[in-house]
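Colleague: Going line by line, the protein sequences match chains F and D. Here the numbering used here is used: the first residue of the first sequence is 1, the next is one more, and so on. Here the numbering used here is used: the first residue of the second sequence is 276, the next is one more, and so on.
Hints were generated in silico from the structure; no laboratory data involved. The reader is advised that the hints may include incorrect statements.
Residues of chain D placed beyond 12 Å of chain F at every Cβ, according to the derived structure [what the hints assert, rightly or not]:
#, residue
1, Asp315
2, Met467
3, Gln468
4, Ala499
5, Asn668
6, His718
7, Thr757
8, Asp763
9, Asp795
10, Lys809
11, Glu849
12, Ala1174
Under the rule of at most 20 Å between Cα atoms (straight-line distance), these lysine to any residue pairs were calculated in the SDA-like manner [what the hints assert, rightly or not]:
#, chain 1, residue 1, chain 2, residue 2
13, D, Lys1090, F, Leu253
14, D, Lys1090, D, Ala1215
15, D, Lys1090, F, Arg127
16, D, Lys285, F, Glu251
17, D, Lys285, F, Arg127
In this text, a Cβ means the ideal position worked out from N, Cα and C, and glycines have one as well.
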Amino acid sequence: MAQQQVRAIVISGNGTNCEREVANACRLAGADVADIVHLSCLLAGEVELNDYHFLNFAGGFLDGDDLGSAKAGANRLNHAVIAGSSRTLADAIRGFIASGKLVMGVCNGFQLMVKMGLLPALGGDQRQTATLTFNDGGRFEDRWTYLKVDPVSPCVFTRGLQGIYLPVRHGEGKFVTETPAVLEQIESRHLAVLKYCDAGYQAPTMDYPLNPNGSTAAIAGVCDESGRLFGLMPHPEAYVHRTHHPRWTRETLPEEGMGLWLYQNAVTFIRENLL
Amino acid sequence: MASRIVVALKDGVRDARGERVRREMMEHLGINLDRVRTIDVYTIDAQLSEEELLAAARGPFSDPVIQEYAVNRPLADDFDLLIEVGFRPGVTDNVGRTAREAIQYLTGRSFAPGEAVYTSVQYLLNGDLDKAGAEQVAAGFLANGLIQRWTIVSREEFDRASGLPAQPPRVVSTATPQIREIDLDVNDEALMQISRDGMLALNLEEMKAIQAFIAEPQVQQQRASVGLGRKLTDAELEALAQTWSEHCKHKIFSARIDYEDGQGNRETINSLFKTYIMGATRDIRAAKGDKDICLSVFKDNAGVIRFTDDWSMVYKVETHNSPSALDPYGGALTGIVGVNRDPFGTGRGARLIFNTDVFCFASPFYDKPLPPRLLHPRRIFEGVVEGVEHGGNKSGIPTVNGSLVFDDRFAGKPLVYCGSAALMPRELHGRPGHDKKAEVGDHILMVGGRVGKDGIHGATFSSEELHEDSPVTAVQIGDPITQRRMFDFLLVARDQGLYNAITDNGAGGLSSSVGEMAEDTGGFELHLDRCPLKYPGLQPWEILISEAQERMTVAVPPQQVEAFIALARRMDVEATDIGQFTDSGYYHCLYEGKTATYLPMAFLHEGTPQMQIPARWELKQHAEPSSTALPSADEALEQLLSRLNICSKECVVRRYDHEVQGATVQKPLTGIDNDGPADGSVVRPLFDSFAGIATAHGICPRYSDIDTYHMMACAIDEALRNYVAVGGNIDHVAGLDNFCWCDPVKSERTPDGEYKAAQLVRANKALYDYCLAFGVPLISGKDSMKNDYQIGSTKISIPPTVLFSVIGKVEDVRKTVSMDVKRPGDRVYLLGVTRAELGASELYSQLGFTGNAVPTVDAHTALLRYRTLNRAQQGGLLASCHDLSDGGLGVAAAETAFAGGYGLAIDLRKVRCERTLTDMEILYSESQSRLLVSVAPEQAEEFEKLFAGQPLSLLGEVTAEPRLRVTGLDGTLIIDRENSVLKEAWQAPLREL
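Next comes chain F alone, as it looks inside the complex (with noise of 0.2 Å):
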């Protein structure tokens, strides 16, 4: 393997959807290899997660969110044993992790890591303390969003980002924590990346539509204190071109979209730290 590339994997299989376009995202981020695996080859053993450096978890339905979002899907991957060792896929996530790679997931992505543990992670342990649950809507939603960040995160993704417009699609996307306690160091971290707000990206809010879900603190995105580990409810693959854009017709727009700024981020960070 060259050592030069910049190397992206995106799992795919049991019910993720949007595989192809973050894949996709990659590549126009200037990834020089951004492969769609399916979770059957990594627990076949075929492929070895350590031979990249940015693995994303993409959108979709894990399992069908049949037993409440992604949970189904973190439990495979704690459970499921890689063939010919005796490790889950989730010790190997967790050694790629170690060895101060990228991880971004995207909104079932995003639910998973929660679900796993990987996220927040405060203090470095994996035991959930937050979660993704039912929309106070009650109902699924497409609809683009405007997003805060904020810029003394240690996200690596959001790294000179004011706000971004994306799409959220979900049903399951109002983020909880498990206690006052957790939001706090949450927030006093400067984990809770991006947060629904107004379209001149000025507060924060808890109005409906702005904030679709209901979330606490408007929190959309989440990081953990290294930074390299984000997951997001919006989508960012699904702004890479000016046409994805709900009103492109009528604004006039760059021809690069707001999510790959995040995708460039990221291979920017693997370039300058990993290669």
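Dock chain D against chain F, hints included.
Modeller: Just chain D, lined up with the frame of chain F:
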């Protein structure tokens, strides 16, 4: 001994599901409870240790942040009444399936045969309600008795130590599989009794054809050679009933029809399908020569046309009406995941890129008494919308286009149209991707779900009206995740070249899929006992015709079978070798080595007697409203914007993911606030190209009340003008016709059959005439011909309805425009001619009239207009483009204005009309082939030059102030309304649904 795990929300966590139930009980039943809470119940019917049960409860079944759990003891507390709703035995339980898999991962052990997890939900009700009231709530709202069962306990009756007992809904069958013989050597009455008792939907002529077949000495001889007796087997009769069903054989579209046009002219039509539908495509393809875009039409699960040099597009639209009437959620869910298998299983497989859906319902606010067995339209609305939502969203396919059409006659049968498009490699392993052919010796592989009793007699059931004994088993529930896994696997298998042909298992199950594929080779041998079952006790004939979902049938060459099965296993998909394609000439099924069917393929596929149908047209006269009955222009506009057929459908559109796959360029909601009504949709399915696919549709059942010929013409024109409005190339487009009719065969039950049959003939004539005139080939379609409700003396027939869907190419998606006005100062033009065509319009419907002047279509001038519009789009001359349909110019002007956030000042004196019309006619006539466009002033000259010689009216301009101002014929302002007022009228009616 089964165990129960219950999972409840922790104190203080909002129960959004409970709140929604409480709210809906208020809205649907008028029952106002203080509180409704919910608890999830998992009944585990498997050998698990106490620790394993606890681990399951703690791990995958509950969320530690918001939920608590208990094993074999209740969490329900502090309620007045508790209703627990679970599935009946044998009903698909998707959550139960996922729960079983989760436990298997946890323990590392597989469940033994017969072991399972079943799910149910407890509703904890607090408030003023007695047990009888709770029974009503359960039966009429929380549960559907066809597929679910419930238990009701009061606070006093509830055992607080152990809760409700575990009662797994196991399928218990003591039946031994056997092949029964059926004696057809009986009189006509007994023959029909056999057909009715067996839910076969075969008529006397067909039963007699079968009777004659089995009596032939030669047939008897051949049967003896495989050990069969002189009588037909049950499996054979079922196979014939399925293959010959209206649903599969389209007997009405193949019938010989004697048509009289009402003026004494008679003609005989030998198959509507061959004459008008295939005929249109044949003639268009011939006329287009090397510009023909068709690749595969009418012979596969879906139609295939050209897209780019490397890719083809595939499209299919289906209906799932009857099951949706019985179980709206399950029926619609199955509708969408079912139609997904059609384009997927076209050629040698295609990747799904978008869904469309069109629903026809009675008003959700229907307040008249409902005849027995009909669900309230609002329940149907809720259930269908949710079913399609789950089916489409979970499958990762964007729902990009759709409609809701309201007419109270749809209370008798709702129409649920689901469409699905796919992208297919132009070439695959050295031959066209749309080619498929099973070879002699290929193995028959059944892939995906297992076989159960679900959907038995679905094909024959949908060939009948909804009646007292409509079967419970006809309802299936789709499982999007099992299907998704199967699709993931099959695309890999396709790319590895592991199979020769593929088709889906839909109506008629294996009987249909294997039977159709075997036409390639001329026979097959199928071992029914090898099919994996959901539970034991199925009869061989049930295995043969079960419509259990999520299954594909694949023809795999012998040398690839091992690799095919190994790949399936690795990807967690079940694939079973169940037989072989042969050239024996026989439809040969066996069960444990014994022959269950031995029918000549020729008899099965060509033995149906042709139906004879009389048809007589008469033009009915309808009352016209007097001019004094008309409201003022501005009042009428607000009323029209609030009509169910015109108002915003945002409440439904937002529930569908219309952007997954990252390709949707023209979205269903558009404009300055992302909430204007787009005319059609455009997707850009290839990341490395700006070529796009546009889709749109037309549907106008109201016009059928005057003349189905013009209904059809208008549906075609509406689809095409929506399509060109979003930038579709009028010379690269194909159509799909989906007929939903009421029974058109004259009988005691249908005394007006001749008129309904004539309506059918006229719609077909228009289909041929207008497709030819527009040069739009038909590539696929479907008919659903028994959309009636008949119980006792009540008969409700739907209005004859055709959904005309189109799919075609956009050269460069960056040149497309949306329907909202963009800038003050832009000029506003109307393309086309306005005529006095208010017959069956929304305005007349609002006034309670039908009238007579139905819109007619002039395809010749329309085609030139659409071509010119394409050129204007290519030249970047348009700022916005919106089609005129329901509610005419008035509604279109209001929509384009409030979607754009600017005003419009237009003058009716400038409108190009056929003759002198009134203000009301100009504003609300539904004349076809018209579009409202806005153009920047600096491009106006070029735009006008382009349309020189064509009807083009400069009506006015876009204004900065967000108001709609319309100057009437007498020069006064007849409409002067703020956008916000108009938009509120348009958004209010369905906002809360």
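Colleague: Please go over all the hints and tell whether each is borne out by the structure.
Modeller: Results for each hint:
no.	hint	verdict
1	Asp315	violated, 9 Å
2	Met467	holds, 44 Å
3	Gln468	holds, 44 Å
4	Ala499	holds, 50 Å
5	Asn668	violated, 6 Å
6	His718	holds, 23 Å
7	Thr757	violated, 9 Å
8	Asp763	violated, 6 Å
9	Asp795	holds, 31 Å
10	Lys809	holds, 17 Å
11	Glu849	holds, 14 Å
12	Ala1174	violated, 10 Å
13	D:Lys1090 to F:Leu253	holds, 15 Å
14	D:Lys1090 to D:Ala1215	holds, 18 Å
15	D:Lys1090 to F:Arg127	violated, 51 Å
16	D:Lys285 to F:Glu251	violated, 46 Å
17	D:Lys285 to F:Arg127	holds, 18 Å
Hint violations for this structure: numbers 1, 5, 7, 8, 12, 15, 16, all remaining hints satisfied.
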